[in-house]
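Colleague: Each chain, written out:
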Amino acid sequence: MNKLAKFVKNHSSFIIVMVAIITVIMGYYALQIEIEAGIKDMLPEDNKVVEKYEDVQDTFGGMAFAVIMLEDEEIIDSPTLKKIENMTAELEGIKGVNEVKSLTNIEKIEGSVSGIEVNEFVKDLPQNNEESQKIKEDLLSRDQYLGKIVTKNFKSTVLLAEIEDEDKPEAVVNRIQDAVKKYEGPEKIHITGSPVMVADATDYMKDDLKRLLPFVIGVILIILYLSFRSIRGVLLPISTVLISVIWAVGLQSLLGKSLSLVSTVLPVLLVSVGSAYAIHIVARYYEELKDGNDIDKAVENTIKEVGIAVIMAGGTTMIGFASLFFSDLVIIQDFALGTAFGVGIALLAAILFIPAVLYKMKAPSHLKAAEKRTFSTNFFKGIYKIVRYRRRTVIILVIILIALSSWVLPKLQPNTNYISYFKKDSPTRIATEKVDSTFGGSQPLNVVVNGNIKNPDLLKRMRDFQDDIENVEDVNNPLSIVTLFRQENRALTEDIKENEVIPESRNKIAQYLLLLEMSDKEMLESYLTFDYETANIQMTMETMSSTEQKEKVAEVRSLIDKHFGDEYKVELTGIPELGNEVTDLVVSGQIKSLISAIAFTFLVTSLLLKSIKRGFFCSLPIALTVLINFGIMGWFGISLDIATVMVASIAVGIGVDYSIHIFTRYLEEKDKKENEVKALKEAIFTVGRANLYNAIAVIAGFCIILLSSFPPLITFGGLTAITMVVSFTGALIILPSLIMSTIKIINGNLDEN
Amino acid sequence: MKKIKLMLTFLVISTFVIGGLGTAVMAEDMTGEDILEKVDEKMDSETRDFVLDMTIVNENGQERDRKITIKTKGENKGLVKFLEPGDVKDTALLTVEENDEENMWLYLPALGNVKKIASHNKNGNFMGTDFTYNDIDMVGGSNYEDDYDSKLVGEEEIRGNMCYKLSTTPTKESINYSEMKMWVRKDDYMPLKLEFYDEDGELHKIMTNKNYRDIDSHITPEEIVMENVQKGTKTVLKLSEVKYNIELNDKIFTTRYLTRN
Numbered sequence: 001m002n003k004l005a006k007f008v009k010n011h012s013s014f015i016i017v018m019v020a021i022i023t024v025i026m027g028y029y030a031l032q033i034e035i036e037a038g039i040k041d042m043l044p045e046d047n048k049v050v051e052k053y054e055d056v057q058d059t060f061g062g063m064a065f066a067v068i069m070l071e072d073e074e075i076i077d078s079p080t081l082k083k084i085e086n087m088t089a090e091l092e093g094i095k096g097v098n099e100v101k102s103l104t105n106i107e108k109i110e111g112s113v114s115g116i117e118v119n120e121f122v123k124d125l126p127q128n129n130e131e132s133q134k135i136k137e138d139l140l141s142r143d144q145y146l147g148k149i150v151t152k153n154f155k156s157t158v159l160l161a162e163i164e165d166e167d168k169p170e171a172v173v174n175r176i177q178d179a180v181k182k183y184e185g186p187e188k189i190h191i192t193g194s195p196v197m198v199a200d201a202t203d204y205m206k207d208d209l210k211r212l213l214p215f216v217i218g219v220i221l222i223i224l225y226l227s228f229r230s231i232r233g234v235l236l237p238i239s240t241v242l243i244s245v246i247w248a249v250g251l252q253s254l255l256g257k258s259l260s261l262v263s264t265v266l267p268v269l270l271v272s273v274g275s276a277y278a279i280h281i282v283a284r285y286y287e288e289l290k291d292g293n294d295i296d297k298a299v300e301n302t303i304k305e306v307g308i309a310v311i312m313a314g315g316t317t318m319i320g321f322a323s324l325f326f327s328d329l330v331i332i333q334d335f336a337l338g339t340a341f342g343v344g345i346a347l348l349a350a351i352l353f354i355p356a357v358l359y360k361m362k363a364p365s366h367l368k369a370a371e372k373r374t375f376s377t378n379f380f381k382g383i384y385k386i387v388r389y390r391r392r393t394v395i396i397l398v399i400i401l402i403a404l405s406s407w408v409l410p411k412l413q414p415n416t417n418y419i420s421y422f423k424k425d426s427p428t429r430i431a432t433e434k435v436d437s438t439f440g441g442s443q444p445l446n447v448v449v450n451g452n453i454k455n456p457d458l459l460k461r462m463r464d465f466q467d468d469i470e471n472v473e474d475v476n477n478p479l480s481i482v483t484l485f486r487q488e489n490r491a492l493t494e495d496i497k498e499n500e501v502i503p504e505s506r507n508k509i510a511q512y513l514l515l516l517e518m519s520d521k522e523m524l525e526s527y528l529t530f531d532y533e534t535a536n537i538q539m540t541m542e543t544m545s546s547t548e549q550k551e552k553v554a555e556v557r558s559l560i561d562k563h564f565g566d567e568y569k570v571e572l573t574g575i576p577e578l579g580n581e582v583t584d585l586v587v588s589g590q591i592k593s594l595i596s597a598i599a600f601t602f603l604v605t606s607l608l609l610k611s612i613k614r615g616f617f618c619s620l621p622i623a624l625t626v627l628i629n630f631g632i633m634g635w636f637g638i639s640l641d642i643a644t645v646m647v648a649s650i651a652v653g654i655g656v657d658y659s660i661h662i663f664t665r666y667l668e669e670k671d672k673k674e675n676e677v678k679a680l681k682e683a684i685f686t687v688g689r690a691n692l693y694n695a696i697a698v699i700a701g702f703c704i705i706l707l708s709s710f711p712p713l714i715t716f717g718g719l720t721a722i723t724m725v726v727s728f729t730g731a732l733i734i735l736p737s738l739i740m741s742t743i744k745i746i747n748g749n750l751d752e753n
Numbered sequence: 001m002k003k004i005k006l007m008l009t010f011l012v013i014s015t016f017v018i019g020g021l022g023t024a025v026m027a028e029d030m031t032g033e034d035i036l037e038k039v040d041e042k043m044d045s046e047t048r049d050f051v052l053d054m055t056i057v058n059e060n061g062q063e064r065d066r067k068i069t070i071k072t073k074g075e076n077k078g079l080v081k082f083l084e085p086g087d088v089k090d091t092a093l094l095t096v097e098e099n100d101e102e103n104m105w106l107y108l109p110a111l112g113n114v115k116k117i118a119s120h121n122k123n124g125n126f127m128g129t130d131f132t133y134n135d136i137d138m139v140g141g142s143n144y145e146d147d148y149d150s151k152l153v154g155e156e157e158i159r160g161n162m163c164y165k166l167s168t169t170p171t172k173e174s175i176n177y178s179e180m181k182m183w184v185r186k187d188d189y190m191p192l193k194l195e196f197y198d199e200d201g202e203l204h205k206i207m208t209n210k211n212y213r214d215i216d217s218h219i220t221p222e223e224i225v226m227e228n229v230q231k232g233t234k235t236v237l238k239l240s241e242v243k244y245n246i247e248l249n250d251k252i253f254t255t256r257y258l259t260r261n
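Sequence lines, in order, name chains G and H.
Heads up, the first sequence is in our numbering, so the first residue is 1 and it goes up one at a time.
Heads up, the second sequence is in our numbering, so the first residue is 1 and it goes up one at a time.
If you are wondering where the hints come from, they were derived from the structure by calculation, not from laboratory data.
Don't take each hint at face value.
[What the hints assert, rightly or not] The calculated lysine-lysine pairs, modelled on DSSO-like cross-linking and capped at a C-alpha distance of 30 Å, are:
#, chain 1, residue 1, chain 2, residue 2
1, G, Lys381, G, Lys744
2, G, Lys672, G, Lys297
3, G, Lys134, H, Lys71
4, H, Lys89, H, Lys71
5, H, Lys81, H, Lys186
6, H, Lys115, G, Lys497
7, H, Lys116, G, Lys134
8, G, Lys155, G, Lys497
9, G, Lys454, H, Lys89
10, G, Lys454, H, Lys243
11, G, Lys136, H, Lys243
12, G, Lys497, H, Lys116
13, G, Lys148, G, Lys83
14, G, Lys569, G, Lys460
15, G, Lys136, G, Lys434
16, H, Lys116, G, Lys454
Use the sequences and the hints to build the structure in full.
Modeller: Shown next, in the form of structure tokens:
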């Protein structure tokens, strides 16, 4: 640390200039950061589930649809149909929209007196009730679109707009939303579908960033001022966190990464977490000045005395964040990288940049910063009393908390459903629930069957599977070549529903196919590959919790096994499958990153404090914090999602700092005072203060995340804030209580002499 | 059904434009309309009978082969019959135009009966190929002069042959092409290449006629390729067993004959 202090003193100008230059460069990149909110962005590119999804998408076309739902007393009348016709035309003209399916352009295979035709359902707008009635009867007699494009009561209909680039749908979705707006009234219009959800999430993210970042900066400024009552005490710490935010975001941008749903909180988090290191440095600097040291000596002592504690605290925080890298979710890995790097920068800025600036500055005009505040002094007196006289109660309470938390651990459930990213009253969620309840879901689910479709056995199995799917609740609208063959057969024979059967010989299948190809080649492309070797059964699924969704998909899988067995290779994919994968990875990642966070923290503290026992002491409050975090989640029914999954690791990384500061100060004082009880008291009263400011800043930062638009982030902010309170209490009360008890056991008394 | 009929006419135009007689008109005097008329003039043959090997290639290079026979008589009778693959063998389409009314029948062997059919989808592809009914409309449309403007825009060399370059634009809004360019060999009025442009003015498809041979004084391309440059798909038509002006009994063009193998 001596060397470090010297280095900073000799190179202070160099450090300041370098930091300024790099910050400008990183700032340039930071401003170009992109925001992405897609489900696929969460998963690794080489993930098997993603690969399968993309394969199917390449083969059979897009699965990403914007769903525009119209509600009216009567859909099948001239004004509404005219409106749908106009909307369809306008949507088709929007750049980025591949194709629009609506009541006015859907086709049917028709068997009329003149033979087989592929025609539009609504050839001409109905001019009177009678014509409307005819269209309705026609629709009612065919399953292909009933309940899918229009409801049985003809009060709701949907337009499906296929989005070209589902990974970046914002621009095209915004154009769709703008275009649709003017058609509103008297019909009610709702817009949803996975690209719309992604686009809406992106909008909310931008909004979050714009709102929360200035807010957190303001709050930290106030806390810093109240803590130090001096301009440099405010400006120095805030500059280090801003530097760390700029570098961290700049690095993400340089690496070609974008901000995700979880990393929108990265700037907010860095501002509040990163301020801790500067707070400890500045607090110690004032303390040293108050002890009568000159500037050079004060800065030097600061680096020497708290440098190691700050590095340890920052190091463990980095480990906490970095341990999230063990998650299998790309967005959490990126978040781990960004926060670990950002914390590292905040740490370096605190021990290099702040001292460099302090060397260059004159002595402060007043030392209010180091003066004892009655409030905090009384606060620490109270704490010391608890540690000294109530430590048994503390330990019993801890044991009760451990028991209560362990009790609910098995109840923890993952939930990563995309719709849960939206507040209950958000238009996106309302629209999605509306479409789900009216049209049987907006999430596409696909079953891909490998085998030659001209094989009558395979076709029969597909039919039976599809018929069984009709009976599975929440999985709806199965559509495949089977559906087309049924209609074709009806068209080629007598026009009655009983004739909706599939061809049962190889030649008949081939000839039916040939006829379909001759009528409308494109119609087949969504259901069958060019070589007839792969068929696609499309379905839709309603939105539900992750657990229910897994069960539902498992039910579909068991039907696949029942009908196709081992004879055919059949694959299942779709948005729900991606969601399930996210859920699985959330859980596996939680276990991996939590274990590694605790293990690394224990290892690092043991190494730095040169004792396994001390490492264990430091890690103890944090293990408790993690347990209580899961306890709270269990008791309040909070599920593990992409954000709450990070709380434990973050709690470990940040929370252990408080213990480290208390423990190192205790050891430092023990060497000086040669009395353990006095040393502990001193540690609580001095470091306790910096710890308190630090904890208040961090807790305030996490509380600001409560104002986010995303429920998972709100929960994340609240939970992390609580874990901070717990780990702060753990460091200031539980850890000293344990030390005190140990002293009592070893020395037999608690004398302060 | 009109479309199928037009398809037949279209194939006739591109296949049977005969040049053997070599009626030379000075190029300087020719207008675009004149040249097309010339192309039109030379397709005269009472009957045609040939086998067509169709290879449909998708954007991944996968191929689908089909073999059909086409028989036509006059301007109003046509019969298409599938020879291969085996599972669609004998599937047949019959087109007959009577009193300005076009009728079309389909025979599916597996169904065992003849159905009168209609197909109005103008975006549909002829037999699943890259030829759409629109293409057929464009080249073989009976109201050609009303629907299109044709201009001679220059002379260019195609595969070593001097050609007239024609630019044809539709005047009717419902036709979703913006332009068709056509290269017609000066010597014999054989169209060597056609380019179709979409509504945005982008090149959509290219058709090339290759390997002209003299069959019964009718110069006939052995191969016609239609390439959809936007989708990356392609259809190759190979002609064989080509016969002109042979005796074809009217019975062949009846629904009863459809069911006979």
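Colleague: Given the hinted pair G/Lys134 and H/Lys71, is their Cα-Cα distance within 30 Å?
Modeller: The given pair, whose Cα atoms are some 42 Å apart, is violated under the 30 Å limit.
Colleague: Would you mind confirming whether the straight-line C-alpha gap from G/Lys148 to G/Lys83 stays at or under 30 Å?
Modeller: It holds: about 19 Å lies between the C-alpha atoms, which stays within 30 Å.
Colleague: Mind checking the alpha carbons of G/Lys672 and G/Lys297 for me, to see if they're no more than 30 Å apart?
Modeller: Distance ~19 Å between G/Lys672 and G/Lys297 Cα, so the pair holds.
Colleague: Assess, step by step, whether the Cα of H/Lys116 is no farther than 30 Å from the Cα of G/Lys454, and give holds or violated.
Modeller: This hinted pair holds, its Cα atoms lying about 25 Å apart.
Colleague: Given the hint that G/Lys136 pairs with H/Lys243, test it: the Cα-Cα distance must not exceed 30 Å.
Modeller: Given that 30 Å is the threshold and the Cα spacing comes to 53 Å, the pair is violated.
Colleague: Does the structure keep G/Lys381 and G/Lys744 at a Cα separation of 30 Å or less?
Modeller: 20 Å, holds
Colleague: Has the given pair, G/Lys454 with H/Lys243, been kept, meaning a C-alpha gap of at most 30 Å?
Modeller: The hint is violated at about 35 Å.
Colleague: Going straight from one Cα to the other, do H/Lys115 and G/Lys497 come out at no more than 30 Å?
Modeller: Holds, at about 19 Å.
Colleague: Checking one constraint from the list: CA of H/Lys81 to CA of H/Lys186, max 30 Å. Satisfied?
Modeller: 35 Å, violated
Colleague: Would the hint linking G/Lys155 and G/Lys497 be met if the CA-CA limit is 30 Å?
Modeller: This hinted pair holds, its Cα atoms lying about 24 Å apart.
Colleague: Does the alpha-carbon distance linking G/Lys497 and H/Lys116 stay inside the 30 Å limit?
Modeller: Holds, because 21 Å separates the two Cα atoms, which is no more than 30 Å.
Colleague: Regarding the pair G/Lys454 and H/Lys89, is the alpha-carbon distance no greater than 30 Å?
Modeller: 15 Å, holds
The structure shown violates the earlier hints numbered 3, 5, 10 and 11.
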